[in-house]
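J.: Please model the complete structure; the sequences and the hints are all you need to start from.
Sequential numbering of the sequence shown, starting at 3, is according to this note's numbering.
Hint data in this document are derived by calculation from the structure and do not stem from the laboratory. Just so you know, these numbers come straight off a predicted model, no measurement behind them. In this text, a Cβ means the ideal position worked out from N, Cα and C, and glycines have one as well. Please note that the accuracy of each hint is not assured.
[What the hints assert, rightly or not] Now the in silico label distances, taken between C-beta atoms and shown as ranges: (1) 36 with 126: 23 to 33 angstroms; (2) 138 with 40: 21 to 31 angstroms; (3) 36 with 86: 17 to 27 angstroms; (4) 139 with 74: 18 to 28 angstroms; (5) 152 with 20: 40 to 50 angstroms; (6) 144 with 109: 19 to 29 angstroms; (7) 118 with 145: 36 to 46 angstroms; (8) 75 with 122: 40 to 50 angstroms; (9) 139 with 9: 17 to 27 angstroms; (10) 155 with 118: 41 to 51 angstroms; (11) 143 with 109: 37 to 47 angstroms; (12) 143 with 49: 20 to 30 angstroms.
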Amino acid sequence: MLPQTWLGNLLGSVLVALMYYYGGGSLLPVDTSLVHSVALAKTTAPASVLFFKGVLCNWLVCLAIWMALRVEGAAKFIAIWWCLLAFIASGYEHSVANMTLFALSWFGQHGDAYTLGGIGHNLLWVTLGNTVSGAVFMGLGYWYATPRAQRPQAESANARQTA
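T.: Okay, here's the thing in structure tokens:
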């Protein structure tokens with residue numbers, strides 16, 4: 003499921019960037035704009051930095067959802083808001099957010115240093131960091147913290163075959 007979701011997010015990011023570009027968006031008129039500068043910096047960062055920023059980012063994103071599921075009303079908004087504010091303010095990396103930033107920058111007047119190879123480098127390491135964070139820190143951590151009696155039980159192979 004991860005590859006299909008990842009590709010769907012990439013396609014959606016490119017479509018949004020194209021709509022913005024053809025709609026006359028003025029965010030990207032020159033290659034020195036903030037969007038281009040941030041995109042270029044993200045594509046030239048070392049792999050280890052991207053990986054760990056991806057881990058920390060998705061930990062906050064998963065934490066936002068986990069907390070929102072445990073509260074009611076306006077507290078849901080507050081739980082999500084603070085986690086996302088921390089992720090954005092810290093400069094952490096999320097693959098889907100980066101897809102949109104990269105697509106916007108690509109269709110603008112970007113410089114020659116901004117390449118598809120750099121974009122691929124970023125998305126590879128950030129996606130790996132996001133995945134490790136979601137699976138290990140939140141998935142396995144939450145599973146381990148849940149008492150055995152409350153854990154979902156997997157169906158046995160025999161039960162599925164007889165049904």
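J.: So, for every hint listed, does it hold in this structure?
T.: For each hint, the structure was consulted:
1. 36 with 126: 23 to 33 angstroms: holds (24 angstroms)
2. 138 with 40: 21 to 31 angstroms: Distance hint for residue 138, residue 40 holds at roughly 28 angstroms.
3. 36 with 86: 17 to 27 angstroms: holds (19 angstroms)
4. 139 with 74: 18 to 28 angstroms: holds (25 angstroms)
5. 152 with 20: 40 to 50 angstroms: holds (46 angstroms)
6. 144 with 109: 19 to 29 angstroms: Violated, at about 39 angstroms.
7. 118 with 145: 36 to 46 angstroms: Check passed, 38 angstroms falls within 36 to 46 angstroms.
8. 75 with 122: 40 to 50 angstroms: holds (42 angstroms)
9. 139 with 9: 17 to 27 angstroms: Once the Cβ atoms are compared, 24 angstroms apart, the range 17 to 27 angstroms for residue 9 and residue 139 holds.
10. 155 with 118: 41 to 51 angstroms: holds (46 angstroms)
11. 143 with 109: 37 to 47 angstroms: The hinted range 37 to 47 angstroms holds for residue 143 and residue 109, with Cβ atoms some 39 angstroms apart.
12. 143 with 49: 20 to 30 angstroms: holds (24 angstroms)
Of the hints listed earlier, the one the structure fails to meet is number 6.
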